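Chains as they are written, first to last, in the UniProt record's numbering: chain A, 1 to 506; chain B, 1 to 318.
Derived by calculation from the structure, the hints in this document are not laboratory data. A hint or two may mislead.
Said to hold, decoys possible - Straight-line alpha carbon distances no greater than 20 Å define the calculated SDA-like cross-link-like pairs of lysine to any residue that follow:
1. B:LYS103 x A:MET184
2. B:LYS176 x A:LYS289
3. B:LYS283 x A:PHE49
4. A:LYS289 x A:THR260
As the structure is a computational prediction, the values presented were derived from the model and not from experiment.
Listed here are the chains, written in short residue letters.
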Amino acid sequence: MEFIGYFGEVFQPVSFLLLLVGTIGGLILGATPGLSPTMAVALLIPFTFQLPAAQGLILLGAAYTSTVAGGAVSAILLKIPGAPANIATTLDGHTMATQGRGAEALQLSFISSAIGGVFGVLLLIFLTPLLAQWALAFGPSHLFWLAILGVTVIGTLDSNSVVKGLLSGCIGMWLATIGFDDIMGAQRFIFHPELSGGINIIPALIGLFAIPQVLTMFARGRVPSGAEVIAVRKHPIGAAIRETLRRWRSLSIGTIIGSTIGLIPGVGGQIAGLVAYDQARKFSPERKKFGTGHSEGVIAAESANNAMVGPSLVPLLTLSVPGSPTAAVLLGGLLIHGIFPGSDLFDNHPDVAWTFINSMLIGQILMCIFGLYVAGFAARVAQVPQSVMAALVLGLAVFGSYSVQNSMGDVYVMAALGIGMYFLERFGFAAAPLVLGLILGPIAEANFIQGAMIADASVGRTTYFFSGVLNLSLIAIVVASIAYSVWMELRQRRIDRQEQNEEAAA
Amino acid sequence: MKSLMAGLATALMIAGPAAAQDYPDRPLMMMVSYGAGGATDFQARIVTMTSGNEDALGQPIAIVNKPGAGGRVGWNWLATQADADGYTIGAYNVPHFIAQSIKGGVEYSADSFEPIANWGADPAVFVVGADSEFDTMEDVVNWAKENPGKMTFSGAGLFVGHHIAALQLENAAGVKLAYIPNNQGGAGAMKAVIAGEVMGGVNNLSDAFRAADAGNIKILGVFDTERSDFLPDVPTMQEQGYDIDNASVNYRGIMVPKGTPQEVIDKLAETVPAMFQNDRVKKQMKAGGSPMKVMTRDEVREMWNQRQETLEKLLAGL
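Starting from the given sequences, assemble the full structure and let the hints guide the process.
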């Protein structure tokens, strides 16, 4: 309960002002396509040079919290996921926005972000030692199986056909092999020097999600602009809160999966949202509504990606090992003030540690309040005529892709992937499984190679990958996940056939 | 396209001398070939933070990260695609980029770049988990002699400083070890040691110092010719009887692509070392546990040549 004593620090005038600046700034940065939370926090580091350590970290903590939630804004309104964490949000969130329910989608996403986020930070406060052990328990073999578990999700994600979903995933995995391989340094599929760095995930996300939508808007051609204006419905905040609580199942699945998977170093943050989305769908009685603008999809995805924020800092704060790129940037922010994370932080600088953690807790709530306040205005973006919208999104897509590494190469990659995806979508393929392949491929590959090298030097590959409680449990979940998908597919076919028969009989 | 680029380059060269008078008149971009938050990125941001001061360059330096494949992606870019006009500069890590160029498969060598100045030197250290049975390098080597090829230990990747240190250890102790390169850099390699995935590891002194301070690991030896101020109690490899020099020490500094106008190089070589010596820079680097070593352009060139020679010999057998 030590942390309660340090709440006062957060409410000092300067500290609270920084918290406000960090939260509002973070929301804006997060909503800007191409600025991932990692980049946003890295941009703010120089501003902390002049501040005392605790205040500097308040700024960074608030910004980290709200950039993750801000990513949902561009995911919902523009179909541009700000970071891998927001991919699952586009699936139902953007559909809701095109139906004129953007305000509702944004409100749901901010409320569930805040609930998930507060839960995650509370875990960080109360269960850090336990979580640290859990984070360390995942070695190369476990991460490999975890990636394979992600692969089993691919087939059923946002796609009408399991085969096409898997095929999209394969294309993504192939794209992921382009460039130097990260461990051995071998060159693969590099036909042009711009590709030697591989496909960067942010331009890929922008291209695969935003460009097909832009092309569709252009392809619709000269529809009179007046006819297509969507009525943006107002949505009372109270109703959004009631809706979020009514969907307690998706909310708790998102929160729990986000906070447990999210803290696994190197993997969690990227897939937590998608895994939570998939699980929420599997457990939902209204599973068919997912992907058609269903509130549960947004709630599960957003509660998961903010629940991850607190736990993802556990390896950093306890072991001084950053578990995610954003944590690595925060480590820099601590080191600049001469504070070493680890036992030193909590023993010798408890004021800094607890003020930082408290600022994330309060930041979650402030983020929610501001988010709800602007949701109604922001949702009017959907009223912009499509011709204008297409140009706007295209401009943001180019800007966002270029800004990641100041590289035109990334812009070309974004455009090429986007045009390719436009045609693939016309044949029933989907962007989400493709991106999941792009993310999971390197995780599975690198961990398999590392695991195999360790295994060859020690116990042998079979023992290394197929023994131990954690390995076997993960394999069991993989098998169950595949079996469930097959069973659902077969049952669906039977239902379809029955319906056809009934129609024929009638 | 090529001829167009060549034409542009010539045009720039002609325009060079006139423009060099008031260089720099706009912000510079510095490429770091590792991700945001890594040790190189973190230090690069500190040492360039006073660049905008009037007594330094008078223009800020913006950091752009081009990570991938142990730095190969960024240095390939700097050697082949960056504009050699003085507004695009890069951070180097020696021995990394020299070792990679000797090994091949990249489009750069030490001749592709012009050194400007060195800011830091971070030696590699050998670490084991806090509860490991090993207490000295001798324990490690003895175990490895009894179990050839079974001593697993992590490092940041292939043909980076950690890998060079690992090869030197194998040669000097006459043992066969199992080096496991990590895809998440030094942080991932450190996590593997703390979690017990591997029996030991080679890591950066600055990161190991923090982890040892937190009680998570033991540091058994320093891959350098003298002990570090940060770790006065940890003996060097030479003190423990292994003939290992400082070839794996991670030198960090600034370089520019070949073809950058000589006036620009002179201006940078004159200004940058003084910029590194700034009191605020020194204070922040010390607070972050990052050892500084400021070297001028001539000293860096000599160091590069020495490394080239040592590494060619060391890597010849692979």
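Right, here's what the structure says about each hint:
no.	hint	result
1	B:LYS103 x A:MET184	holds, 12 Å
2	B:LYS176 x A:LYS289	violated, 59 Å
3	B:LYS283 x A:PHE49	holds, 11 Å
4	A:LYS289 x A:THR260	violated, 26 Å
The structure does not agree with the numbered hints 2 and 4 stated previously, though it agrees with the rest.
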